[in-house]
Every structure is written in C-alpha cells, then in structure tokens.
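K.L.:
Chains as they are written, first to last, in the numbering used here: chain A, 42 to 279; chain B, 3 to 406.
Bear in mind the hints are in silico, worked out from the structure with no lab data behind them.
Don't take every hint at face value.
[Said to hold, decoys possible] Subject to a maximum C-alpha distance of 27 Å in a straight line, what follows is the list of computed DSS-like cross-link-like pairs (lysine-lysine): (1) B:Lys130 <-> B:Lys160; (2) B:Lys250 <-> B:Lys125; (3) A:Lys72 <-> B:Lys130; (4) A:Lys194 <-> A:Lys173; (5) B:Lys16 <-> A:Lys191; (6) B:Lys398 <-> B:Lys307; (7) A:Lys124 <-> B:Lys250; (8) B:Lys398 <-> A:Lys129; (9) B:Lys16 <-> A:Lys194.
[To be verified] Footprint (simulated), chain B over chain A, 3 or more residues, beta carbon under 8 Å: (10) 95-107; (11) 129-137; (12) 142-155; (13) 225-238.
Glycine residues also receive a C-beta, built at the ideal position from the N, C-alpha and C atoms.
Listed here are the chains, written in short residue letters.
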Amino acid sequence: METTEAGTQAATVIDAHELSKIYNGRQVPVKAIDGVHLHIEEGEFTAIVGPSGSGKSTLLHLIGGLDVPSSGNVVLAGTEITKLSENKLIDFRLHHIGFVFQAYNLVPVLTARENIGFVMQLQGIAKDVREKRVQELLAQVGLTDKADCKPAKLSGGQQQRVAVARALASRPRIVLADEPTANLDSVNAGNLLDLMARLNREEHITFLFSTHDPRVIEKARRVITLVDGRVVSDQHHA
Amino acid sequence: MILSIAWRNIWRNKTRSLLVAGSIALGLWAGAFVMSFAWGLYQNNIHDVIYRQYSHLQVHHTSFGPDMDPAALLEDNPHWQTFRMQPEVRSATTRLMVGGMVRSGTGAGACVLLGVVPFEEAKQTELKSMLIQGRYFPKVKSPQVLIGEKLAHKLKVKLQQKIVVSFSDTGGNITASALRITGIYRSRNTALDERLLFTEKPMLAAMLGVDSNSFHQAVVLLQEDSNLESLQAGLLRVFPGTLVQNWKQLSPETDLIISSFDLYMYIVIGIILLALSFGIVNTMLMAVLERVREIGVLQSVGMNKRRIFLMIMLETVYLSLLGSPVGLFFAWLSIYYTGIYGIDLSKFSEGFTQYGFSAVVHPVLDTSRYYIIGLMSIITAILASAYPAFRALQLKPVDAVRKI
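The following block holds chain B by itself, in its conformation from the complex (with noise of 0.2 Å):
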C-alpha cells in the first residue's frame, strides 16, 4: 500500500513531477554524454599514443636512453623473426633513431630522424596515411626525408627542397647530409610534427657507419592490449638484457589519464547529481509542506514515522526510476549516433592537436558505466530525499490535525 500511495502522490501534481524528473533525465544525459565525449576524447589519444607514436612494446639498449647515444645498438636475431610472427603481434619493426640539427637555408631546430623500413613502418605507425603532400617513400637515388607539416613551415621549405640533418656517429663525430624532402605528413599532434623526420633505415645505417641489420629500437603492435604483459615477458626473452616497455611505461601521462579518468568522470557526475538533488530536496519539501495535515492524519490513525519517512522516500527514488532511464535512453542514443558519425572540433583544432588529440571525437561509453551513472542517480535521490522525509517525521499528529 505505501508502495502505491507514493506512486499516486507523485502523480497530484503533474506538472511538478514532471519536471523534477524532466531535470534528472536532462542532468543524467548531459553527465553521461560529457563522460562519453571525454572518454571518446582520450580514445583518441590513447590510439594515438600506440598507433601514431610508441606501438605497444619497445625495446632499447639499456644505455640508449634520453641523449639517444647512437652506439646502443641492438642486432637482429632468429628469436626476433619467431616473435613477430606470433599471431597475437600484429606488426613489428626495426628502427635506426638518432637527435640532431636539422636546417633549412632560413632556419634551424632540433630533430629526431628515425631511419625505417618504409614497408613495415606503414603498418606499424599510419605514418603512409598522414601524408598530406608528395609520396610515401618513392624510389629516388639520393636520400629522401618525410618531414611534419609544422616543421616545413617552420623551416620554411617545401616538396622536393632539400635540407640538412646533422648528428654524432656511433664514433662521437659529427656528420651531416643533405636529404630531399619527398613527403610532408600531418599527424595530429604538432610537437611531433615539429620534431620527427623519417628517411630509409639503410640510408641512415650508412650515415651512422653501422650494419643495417642493426637498430636502435624495436617496435611492436599487438592484436589485442590484454596480452601486453605476457608479450612484454616474451620480448625481453629475446632481447634479452635490454630494456623493453610498453606505452604505458612510455607514456605514463596516458595511462594516468586511463587510471584517473573513472574517478574525474565520477565527479563531475556527482557535482550534477548534487545540483540536481538541491532540486530533488527543494521539490520534495514542498510536497511534504503541502501535505502536512495528511501526514498527520496518518500518523494519528497508525502510519509509523518508519512508514512515513519510506513513503516520502519512495517518491522521490520513483521520480528518480522516471526520470533516469529516460536520461540515460537519450544519453544511449546520443551517444551512438556521434560515436558513428563524430564530433567535429577542428574550429578548435589547434589547441587540440597542440596536446596530441584529434580534432574529431567520437564518443563512447561502456554499458557498465550506464548502470553505474542509474545506480548514482538512485541514490542521490535517496539521499536527496531524507531531509524532506526526516522533516515529515519532525510533525507532530496534534498539529497537523489542527490545521483543519
């Protein structure tokens, strides 16, 4: 019976409760597609950390590190041909990778030149499908170099210019050359643009005095990011002695950005559940206020305050129960129908790729997280409503009949 006098009393005043549930599913959608949106966002630029950047797993020589001492080589081996052919390892490559000068005849600036195997390369980093001028390694006699858009700008140069790379050899000397611009890519994330050159492996072994069998870096693309660990363990079997890592260790700031991203989300969900609830609060003592003889005539005819205080509280969790699954019903749809055709944010572009995000975002949102988001709602509601319940408890009988 109390179950179906709280429903009947939320339906007294329409208009009202119309409302309250209005503002819960407007409060649930908004906090769910913001969720989604942010999560979409990062996607972005998680895909980016491992297909556009770091792969899945790297492996250096253990005095390679930040100064990139370009005698820390590593050789290929029988074991290294075995492992990428595994078929949990979706792609796997060898680079030469050394920091120097680049220049043009009107600039200058610092650069790290990455001597591929363009074949492979293509696979592993997209680097082929983010070229916006010229051709993806064409086949020149003289050295060719593919540079970032921010960088030909900065150098002020263009297709088929030339400019000059220099760096230690693995003897400590400088060397330089001069290298053909063939391509220009644009990824989306501008520092690197600014900073990554890539010409053939051979060439680059050639410069360095080194065999082209050996590399500075070996990378790989896994099928799947569960079997990252595992993989880790077997790489190491290979090379072993080296130090391998995979992108979270390489980029710790993104899998911060994974490991906190529950936890912000979650806030921001509270902080609009808590506006939300002031609403829930502010209706709800208004209906108890309303009804103050009734819930007086209740009690002197029997009703109990644990009854009573259950009552004001089931009307507000059924505003809450009508209100969320229709928030959370829009949430879904507007968040399926962006996650297939996108956000387009390149009125902001800049500011995004400055940080490596793309400039389209496509949102989504586990169903766990949709459960989570209801289950929140419930309860702000609950909560939401203990102070107009606790304030109906605080009538007394003789009162509220007095007010006849």
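Next comes chain A alone, as it looks inside the complex (with noise of 0.2 Å):
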C-alpha cells in the first residue's frame, strides 16, 4: 500500500517478483526479460520506455498472462496469474485487464459499436447495461457519429481510439498497451494521450505502456527504463 497525491492508500494492482523470459535461440538462449521486480499501484499511468529490443512488450506480454515467464510470478490485482490455467487466465483478461495494440487489432467485420460491446457480451452483461455503456465510451472517445462504421471505414486514431474504448469496455482494472501511439501522427497521438490521461483520472483505471514515443514519456506519470530486459532506471514525475 502507497499514499497518493489524495491521501487515500492505493492497492498494488501489479507486482511482478524475479520475472525472467528466457527463448531458446538457435545458438544460445536469448534472456528478453530478466529478475524484473516491478510494483505498481491502481491509478498509476506508467511508461516502460527502452530501445527496441530491450523487452518491453515481452514485459506487457508477461504482465497481461499473453506469455509464460520461465521464472518469477505476476499477481494482478491479488490474484497470481502465473498460476492460473489458460481457461482461468482467458476468464481473468476478460475481467480484469483492457489491451490496446498498437496495430489497433479491432475485429474488422464489427462496428465500432459492436467492437466496443464485444467484450461486454462475453463477460455475459444485459443488452441494455451494454448499449448504455458503448454509448457512453464512444462518447468519451469522441466517436458517436462513426458507431456504426467498420474500422476499415475509420483513420488510423479513429481505430486506435475505439480500441481504448473496448479496451475499457470491460471496467477493467488495469489497461496495457503496447505501443499504442506507434502508427498514429502527431495529432492523433496526442488527442489519444490526452483521452487516455483524462481515463486514468476520472475512472482512476490503471495504465501501463511500453513506448519509445517521447510524446507518452512526457505525459506519464512514472518512467520505467528496461535495457537489455533489466530496470535500469524508475522515475516517478511530479
């Protein structure tokens, strides 16, 4: 537990212990992540910055039960998913964890509309909850005239912001995203951080990036540096 900036005392959401992700290369196994420690608190908007190769989406990766650490555990939100069985660990993403990709990822034969609802639906929430609930994500992201487009049909901010929305659909604790500023132009990108900031602080949902995109370092709240798949450095900005 933390104080924050308000007084209240903040739960860990994410506490990753001794995580290392070994791949078997050709020649000789590659560490991609190596005895990371890593605490973060609920409300956090956290960049894990590094150069290309340093680990960061195997990080996200680990930390959102997409891959399987060859040590260490991640426990989310009290839970350690690094113990969960692949069923389990599909039902907690469903739950508890929103993804924004940085290829947008959205399910071309949906609308934005139903892109948005999808997650909903397999969590299994009333029709009217779910509309009422789209309605309003499409209306924070700024897309309520386009709800009904195919993202073929949407620019490239358009799609990354529906992908926010779905990523939030859910009420999920916690949001990853990888890269998700890496295809937008500078407009777009930065119309995305800002939606993404005013997200973390009225739903006070927890937001961890990997980027090296300067324009998201700026704007997050605590840097996280991997070099080689180590912490090299942890900065928390006023």
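Could you fit the two chains together into a complex? Lean on the hints.
P.N.:
As structure tokens, then:
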C-alpha cells in the first residue's frame, strides 16, 4: 500500500517478482526479460521505455498473461496469474485487463459499436446495460458519429480510440498498451494520450504503456526504463 | 454475437466462400441425382420382377420344384374364386407350366412353356403390351404360341412358322407338339425372352392330359405391396399344404437390392461428402491461418477457446447451410424433370436388358432422403471444421499478437 496524492491508500494492482523470460535461440538462449521486479499501484499512469529489443513488449505480454514467464511470478489485483490455467487466465483477462495494441487489432467485421460491446457481451452483461456503456464510451472517445462504421472506414487515430474504448468496456482495473501511438501522427497521438490520461484520472484505471514515443513519456507520471530485459531506472514524475 | 461474427467472416472473401458453397451444392446435387437414378433403375427392375415376371404372390404344389414336375398339380376351388375377388387383389390367374425343349428347323434350346388364360394373363404380366410382332392370342384353330424376340432370333423363325416343343407329360412320357408362332414379344429381360413361351392353357392341358381346371401355378397381383404378408397368409389358407411365396422370396436378389440400396447409396454420398470435406478443411484452414492475429486478439480480450472453436465451426456450417439447400433444390428440380420425361439409355440398352433393366430410367427420390442428405452435409461440415478449429485453438495469443 502507498499513499496517493489524494491521501488515500492505493492498492498494488501489478506485482511482478523476479520475472524472467528466456527464448531458446538457434545457438544460445536469449534473455528477453531478466529478473524484473515491478510494483504498480492502482491508478498509476506508467510508461515502460527502452530501445528496440529491450523487452518492453515481452514484459507487457507477461504482465497481461499473454505469455508465460520462464521464472518468477505475476500477481494482478491479488491473483497470481502465472498459476492460472489457460481458461481461467482468459477469463481473468476478460474481467480485469484491457489491451490496446500498436496495430489497433479491431475485429474487422464488426462496427465500432460492436467492437466495443463485444467484450461486454463475452462477460454476459445485459444488452441494455451494454448499450448504455457503449454509448458512454463512444462519447468519451469522441466517436458517437462513427458508431456504425467498420474499422476499414475509420482512420488510424479513430481505430485506436475505438481500441481504447474496447479496452475500457469491461471496466478493467488495468489497461496494458503496447506502443499505442506508434502508428499515429502527432495530432492523433496527442489526442489519444489526452484521452487516456483523462480516463486514468476520471475512472482511476491503471495504465501501463510500452513506448519509445517521447510524447507518451512526457505524459507518463512514472517511467520505467528497460535495457536488455533489466530495469535500469524507475522514475516518478510530478 | 458469435453467430453474427461467424456469418460476417464467411463474407470476407466472397469468392472463396461462394466456391466452397458451390462445391457443396454441386456435390449434393450429384449425390442426390445418382441416388435417384439408381433408385429409378431399381424401381424398373422391381416393376419388371412383379408385373412381368413373378407377380406379388405365387402358389405351387410343394413337389413342383425347380424341375417343374408336370404331375405336381393344384385344383381350382371355391375359396380361390372368393380370394381373387377381394378388393386388395388387383388380378389373379392360374397357369400350367412345363419345362422342355424347343426346336425349329435351324436351332434348338431349353424352354419353359406356360399355358395361360389369355384375357387374365393380359392383366397379369403386361404380355400383351410386350408384343412387337403378330397378335395376342388370335382366334385360330391350330395350337399357337407366343415367343420372345431373342428366341426367335436363336431359332431363326418368324411369325406364322411352326416350332416343336417337347416335354414330359404327367405320366413321364415325352410328348411333342408343333405350335404356330402368332406373336413375338420383347420384354426387358433377354434371359426370359429366350426361355419363356406362352400358349393357351386348354391346349397345354390337353397335351399334358390333365383337366383344364388344374394348374401348376396360381399368381396374384395386389393393389398394394403393403398387404403382401397378410394376403400371403390368406392364400395359404385357400391352398393349404402348398408352397405360397411372395416376390421377395421368389426373387431374393431384388429384395437384397432394395434392402441394401440405402446402405450403398449413403456410402456413395459419404464418399462425395468426404471429397468435399477435404475442400472445406483446406478452405477453413486458409481462413484460420489468414486470421492468426485476429484470433490471437480475440483470445487476448477474453474470448475463450470454446467460443473460438464454435466460431470456426459455425463458419463451416454456414457454408454448408448455403450450399446444401441450393444443391438439394437443383437435385429436386432435375429429379422431378427427368422423373417425368425419363432418361433414355437405349444406347446401352443391350447391357441393361441382359440384367432385366429398362432402357428408360425415371429417377425418383423420397423426400426423407433429401433431409438425410442435407443432414449428412451439415454433419460433414461440422466434422470438416474440427481440424481448422483445432488449429485455431493451438494459436498462442502472444504469438498471434506478435505478428503485428
């Protein structure tokens, strides 16, 4: 527990301990993540930075339960996800984690509205509640007028905003974003960051980014630097 | 939502999906049509077996046997007259029947001479309609005979010429008679055409030296095949202690065809569907491998494996549901049309007639078989989707997401 700016006690939502990921290369094993310890409190807005190949994405995948660590463990919101079965892990992701990917990765056959509502439908949320939440999220990301457009009819920035709305639809405690602004121009990247920062403030959702975009780093309140799979610095900004 | 996603997914590549649905349609059309054609062919065969050869029921003396003992005679009785008047009975007649030799000036062969009551026989065996030359038992003074076209060729005889038929009488003595050919018939069974000769019953009775009310064989045609067993039992009560057989017992090979038809045909359909399933597997595997990243993302956001499996399976079932009704509709249409007008196989008729088949086939298929074929197609689609769906389950979300 830590004391936040508001003076309340913040719970640890991400707790990675001695996390390592070793890939078996052709000749020698490659350590993508090497003994990382990470504690992130609820409501943090954190960027993981580092050069290409430093292990940023791998760390996010391990934290999000998309990949399995070679050693160490990950505890998310009090649950040790490294011990969960595959099906329970999928279910955990459904209810607790939102993902935003570099390439948006929306379901191409669904409209913006359906892409956002899809995750809630998987959760079994009632239709009226779902529709209300979708409307609310579309308004939050400023895409009410594009609700019935399929991804192919949306710009990159619009698609990424739909992806953010989708990530938030299930009211997750954690949103993991892997290079979310990498494919966006500066205007769209700025808008997206403002949007995520606002959602972080208003909905108190924990955001963890991997990025090497200076604009994201500038907005982050905490910046963790990875080099060769190791945390080399962990700075809290004002 | 999964239903909707699966439906929309199949339209992502319209050409491919339409090709798969089209191949399903074509396969089912072909399967159903082959089935109807074969059934039409067998229906002809069954018709000939009943209406041109055996009738529904036959009665013989128990000692009549394959040697056709001339002395194994049955006697007419009042119960027989009552039996044949029943509404379930379409027609009935009695015959004398002897095995012997037939010869002309240029050839000879084994034969079976049937002594028939002409006006009753006309209702019983379509013999009258099978005549291709001459007349059906015209009123003549001399003994006459109708022979098959094949036998006429073999003996090198023509209308109005005489042939000599010899056989044993009831006393075991060889007797022979010269009979004038007044008609030549052609049935669809060349084997019978070569062997069966028809003459008038009183004439044959005289040759055999038996009472004209005696007979070797009583034959009965029924209104419906469904009454077969009950009327067979009834006929045994009319002629107690005799051998009463139905056409299935007289022609077990035909009964075997009917009983094994479904099995053979479903094997044929199964082979067609198996071939189709390879195409389905190939297409769906392509569809899955093209969407590795998307499937990974779906897993990342919380779609479990059961749902992913279901989604891929539904896509395949949709393709089948698109193709099957189209294929079955065209099958129905072509079966309906050819069922009315027939398919003339006269170019191959020589081969067909040797086996007793008609050269004109009227394809026919029961409604229930359309449902079964449709169901088989859907089951095939489900089975064919299993491998691509299984492959989709093997994808790890992280590998899929990395393919960015």
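K.L.:
Mind checking the alpha carbons of Lys398 of chain B and Lys129 of chain A for me, to see if they're no more than 27 Å apart?
P.N.:
The hint holds at about 15 Å.
K.L.:
Would you say the region 225-238 of chain A counts as covered by chain B, given the rule of at least 3 residues with C-beta under 8 Å?
P.N.:
violated (count 0)
K.L.:
Is the Cα-Cα distance between Lys398 of chain B and Lys307 of chain B 27 Å or less?
P.N.:
Roughly 11 Å separates the two Cα atoms, so the pair holds.
K.L.:
Against chain B, does the region 129-137 of chain A show at least 3 residues with beta-carbon separation below 8 Å?
P.N.:
n = 5 at 8 Å, threshold three: holds.
K.L.:
Is the Cα-Cα distance between Lys130 of chain B and Lys160 of chain B 27 Å or less?
P.N.:
holds (18 Å)
K.L.:
Using C-beta distances, would you say chain B covers the region 95-107 of chain A, given that this needs three or more residues below 8 Å?
P.N.:
holds (count 4)
K.L.:
Would the hint linking Lys16 of chain B and Lys191 of chain A be met if the CA-CA limit is 27 Å?
P.N.:
holds (17 Å)
K.L.:
Mind checking, does the region 142-155 of chain A have 3 or more residues with a CB under 8 Å from chain B?
P.N.:
holds (count 9)
K.L.:
Would you mind confirming whether the straight-line C-alpha gap from Lys16 of chain B to Lys194 of chain A stays at or under 27 Å?
P.N.:
At roughly 19 Å apart (the allowed maximum being 27 Å), Lys194 of chain A and Lys16 of chain B satisfy the hint.
K.L.:
Would you check the hint for Lys194 of chain A and Lys173 of chain A, treating anything up to 27 Å between C-alpha atoms as holding?
P.N.:
holds (23 Å)
K.L.:
Holds or violated: are the alpha carbons of Lys72 of chain A and Lys130 of chain B at most 27 Å from each other?
P.N.:
violated (96 Å)
K.L.:
When you check the alpha-carbon spacing of Lys124 of chain A and Lys250 of chain B, does it fall within 27 Å?
P.N.:
Outside the cut-off at roughly 70 Å; violated.
Hint check: violations occur at hints 3, 7, 13; the rest are consistent with the structure.
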